[in-house]
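Engineer: What follows is each chain in one-letter form.
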Amino acid sequence: MRRIYLIIPLVLFLGLAGFFLKTLMDKQRENEELAASGLQPSNSLELPSALIGKPFPAFSLPSVEDPADTLSTEDLIGKPALVNVWATWCVACRVEHPVLNKLSAQGVVIHGINYKDDTASAQKWLKDFHDPYQLNISDTEGRLGLDLGVYGAPETFLIDADGVIRYKFIGVVDERVWERELQPRYQALVDGGQP
Amino acid sequence: MIRGLWVTLLWVLMVGVSQAAVDTFEFDSEEQRQRFYELSGELRCPKCQNQNIADSDAPVATDLRRELYRLLDEGQSNEEIIGFMVARYGDFVRYKPALTAQTIVLWFGPALFLLIGLATLIIMLRRRQRAMRESQTGHLTAEEQQRLHALLEKKNSDD
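Protein chains in written order, with my numbering: chain A, 1 to 195; chain B, 1 to 159.
Since no wrong hints were added, every one of them can be taken at face value.
In silico DSSO-like links for lysine-lysine, alpha-carbon gap of 27 Å or less:
id, chain 1, residue 1, chain 2, residue 2
1, A, 116, B, 47
2, B, 96, A, 54
3, B, 47, A, 54
4, B, 47, A, 22
5, B, 47, A, 27
6, A, 54, A, 79
7, B, 96, A, 27
8, A, 102, A, 124
Reference listing, derived: stretches of chain A covered by chain B, where coverage requires no fewer than 3 residues with Cβ under 8 Å from a Cβ of chain B:
id, segment
9, 49-56
10, 146-153
Hint data in this document are derived by calculation from the structure and do not stem from the laboratory.
Everything numeric in this text was worked out from a predicted model, so none of it was measured.
Beta carbons: idealized from backbone N, C-alpha and C, even for Gly.
Please build the complete structure, drawing on both the sequences and the hints.
Structural biologist: Here it is, written out as structure tokens:
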């Protein structure tokens, strides 16, 4: 009769093992889905941003187009927008660049942060590959990137009309990411609702 | 001569290792240097995820070390510096997570399991002890006692 208690540890162990297995398989399935749609499976966990719901960090940095022109946080306020962290040294940024061009042609407001880059190369890149950015902040030192918790480009933030960060996407923005992750949230902000 | 060569070689190798991820920071005091090593060992690199920022060569780890140095130089306390990093990169950057409602299981879960295990062990031992005591005394009827005695005596006389 008392022996029934002896299986409690086994039950606990199986429960935990099942939980871990489920988490692992979910991740695997997600990667398989990504691979099936011709995308790179992600092998690292994406970190949730600590800045969701917080105002865009204060900055005062030159513009990429004209380094004499200074941009600050106030310039981002007014319209919901995507803020895309990019650099010419970032291979994946080249992959998402045509998508950003297309979105900007559709009227989506996109701002850029040129992260730890050489301004001359950045200007050349924009001339060669077309410029989808309305404002392009030159963050050569990576200070603004640090305040934003950026740990690799490309990263894309979604800010509302008050300049509050609502969402962050890490990795290449492609059609699928736009349709699934960004567009519904962006559209909700444009329509004046909560995402 | 050969020995001197070996020592030199070893020294050169060790210098290479110790400088792998150490930037050239000038510290005001030994205490500040200690705090730098302590904090850079405690902060996790957001890019590589299984290394602290002291060990990682990722660009972001270099940036965070530089930032850590700057904050130390400004005279900020350890709590202020950790707070600065958490505000930007989230709780993830802490190898020693803060004690919050979310992390309470993480902190006390193992101790709880240990306690459950210990309690189970004690209860089982006590029961077994009681069972043994009970089997030693009291459980035999007078007739059984007599038979036991008889058997023991028989055994003694046989020896």
